[in-house]
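Please model the entire structure based on the sequences and the hints provided.
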Amino acid sequence: MAQNLDQSPDDDHGQPDDHSHGHDHSHRHDHDHDHGEFSELSDVELRVRALESLLTEKGFVDPATLDALVQYHEEKIGPRNGAQVVAKAWTDPEYKAWLLSDDASAAIASVGFEGGQGEDMVVIENTDVVHNMVVCTLCSCYPWPVLGLPPVWYKSAPYRSRAVSEPRSVLAEFGTKVGDAVDVRVWDSTAELRYLVLPQRPAGTEGWSLEQLAEIVTRNSMIGTEIVAAP
Amino acid sequence: MNGAHDMGGVHGFGPVVQEENEPNFHADWEAKAFALQMSASGGRWNIDMSRFARENSPPADYLARSYYDMWAYGLEKLIVESGMVTPDELAAARDGAHFEPVQTPTFGPEKVGRAMRAGGSARVEVDVAPLFAAGQSVRASIDAPLTHTRCPQYVRGRIGVVDRDHGVFTFPDTHAHGGGPKPQHVYAVRFEATELWGSASQGGAVYVDLWDDYLELA
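In order, the protein sequences belong to chains R and X.
Counting from 1, one number per residue, gives the positions in the first sequence under the working numbering.
Counting from 232, one number per residue, gives the positions in the second sequence under the working numbering.
It is worth saying that the hints were derived from the structure and are not from the lab.
Idealized CB from N, CA, C, for every residue including glycine.
Incorrect hints may appear among the rest.
[Said to hold, decoys possible] Take a look, some chain R residues computed to stay more than 12 Å from chain X by CB distance:
{"#": "1", "residue": "Pro93"}
{"#": "2", "residue": "Glu94"}
{"#": "3", "residue": "Tyr95"}
{"#": "4", "residue": "Gly115"}
{"#": "5", "residue": "Ser161"}
{"#": "6", "residue": "Pro202"}
{"#": "7", "residue": "Ser209"}
{"#": "8", "residue": "Leu210"}
{"#": "9", "residue": "Ala214"}
[Unchecked claim] Short derived list, chain X residues pointing at chain R, Cβ under 8 Å:
{"#": "10", "residue": "Ala303"}
{"#": "11", "residue": "Met347"}
{"#": "12", "residue": "Leu377"}
Here it is as structure tokens:
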């Protein structure tokens with residue numbers, strides 16, 4: 001099926017986006033020629049419009065598929081998925097052991113989350129003596145089924161460059177303090193493994209339901225740039 | 232290749248800045264660029280070719296483009312290199328030209344959910360013997376190929392310890408250039424921060440996923 005998707009969930013790619021989201025790149029294109037009917041568009045808008053018309057008109061891409069892809073990634077994936085996995089691991093020791101085994105993808109799929117950019121999952125546990133955080137220095141690899149599409153900061157040059165060389169400084173910028181004796185482990189997603197951090201369950205949540213627990217699990221705690229705060 | 236994409240340890244980019252309540256896409260064109268890249272290949276290229284299309288660019292250009300601008304840039308290269316369109320057609324499209332169909336789309340909207348949930352693992356189900364085992368000391372290759380590689384510069388020539396064997400995966404260095412999957416083991420290798428950054432180390436360690444071909448016993 002979908003031969004198109006053979007490797008094409010093309011993840012990642014990375015882009016430094018410290019001057020974020022670039023809505024307006026007009027400072028970079030002082031074209032003086034006329035773009036006809038698209039003359040009001042920025043350079044990148046024009047280029048993407050051109051790609052869309054070229055690929056859809058020639059029949060390489062179905063326009064309705066574009067909408068379906070955006071809808072899927074807006075609605076079906078996101079950090080609330082990962083939070084459910086974490087909450088279950090906090091309350092079910094057998095599930096936690098499965099999640100931390102080399103069978104993490106199956107453990108996550110059992111809760112309903114699987115797919116592109118999460119085919120081969122690894123879950124790493126934060127403890128009193130180990131703090132894990134995840135980066136992709138080469139592009140923007142990120143576990144889509146459990147965390148959704150990555151935020152701009154994760155794909156940005158500052159994070160990609162500094163997470164590996166000065167992780168404690170980066171953590172401080174997130175307001176995260178890690179004790180001097182803690183082994184800070186930074187996982188660089190250079191291959192097709194996708195990493196999810198299992199954060200520590202905060203004190204004061206004894207007896208909480210799965211739903212209550214999932215509610216306090218933040219996206220950043222599952223990347224490892226934050227810890228889950230006690231209630 | 233030693234491109235601007237290989238950012239680990241580079242100085243000068245400033246603080247990490249978060250955005251509150253960030254949307255997935257900051258403009259319609261970003262969503263379009265994303266969806267086009269996700270749907271256009273039809274098996275003509277693979278993910279390693281896509282990565283190389285983006286990283287194989289002038290460093291100043293790579294750094295100046297926003298994230299989804301870079302996706303569009305890579306897609307422009309891929310559709311020309313794969314023969315789907317000509318450079319002239321791409322230029323004409325920017326000037327508002329229209330085109331006749333050359334095929335019927337094969338990836339319809341009804342296939343999206345199933346395809347996304349299925350994904351496409353790079354794991355290869357073949358019996359390849361591992362060259363290394365957990366606990367062994369290994370040195371990362373000093374090779375600096377002009378072609379695609381996933382061995383970042385900051386570990387090249389450095390010694391680490393194999394933490395775990397992830398199993399057998401496609402090898403991106405060949406797969407990005409039509410050289411086939413060359414399946415081999417991938418390991419998480421632990422490099423002590425002091426081994427990587429010397430006196431600038433903040434302690435701890437960096438774990439990097441590396442293929443057999445990048446490693447030798449140390």
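Hints versus structure:
1. Chain X leaves R:Pro93 outside its interface by the beta-carbon criterion, the shortest separation being 22 Å against a cut-off of 12 Å.
2. Listed as a non-interface residue, R:Glu94 keeps its Cβ farther than 12 Å from every Cβ of chain X; the least gap is roughly 21 Å.
3. The beta carbon of R:Tyr95 sits about 21 Å from the closest Cβ of chain X, which is more than 12 Å, so the claim that it is off the interface holds.
4. Some Cβ of chain X comes within 12 Å of the Cβ of R:Gly115; the nearest lies about 4 Å off, and the non-interface call is violated.
5. With a least beta-carbon separation of about 4 Å from chain X, R:Ser161 fails to lie farther than 12 Å from that chain, contradicting its non-interface assignment.
6. No beta-carbon of chain X comes within 12 Å of the beta-carbon of R:Pro202; the shortest separation is about 21 Å.
7. The claim that R:Ser209 lies off the interface holds: its Cβ sits roughly 26 Å from the closest Cβ of chain X, which is beyond the 12 Å cut-off.
8. With a cut of 12 Å on Cβ distances, R:Leu210 stays outside the contact zone with chain X, its closest approach being about 23 Å.
9. No beta-carbon of chain X comes within 12 Å of the beta-carbon of R:Ala214; the shortest separation is about 19 Å.
10. Here the hint on X:Ala303 is kept, as its CB sits about 5 Å from the closest CB of chain R, short of 8 Å.
11. A hinted interface residue such as X:Met347 counts as satisfied when its beta carbon comes closer than 8 Å to some beta carbon of chain R; here the least separation is about 5 Å, so the hint holds.
12. Given the 8 Å rule on beta carbons, the hint for X:Leu377 is violated: about 16 Å separates it from the nearest Cβ of chain R.
In this structure, the hints that do not hold are numbers 4, 5 and 12, in rising order.
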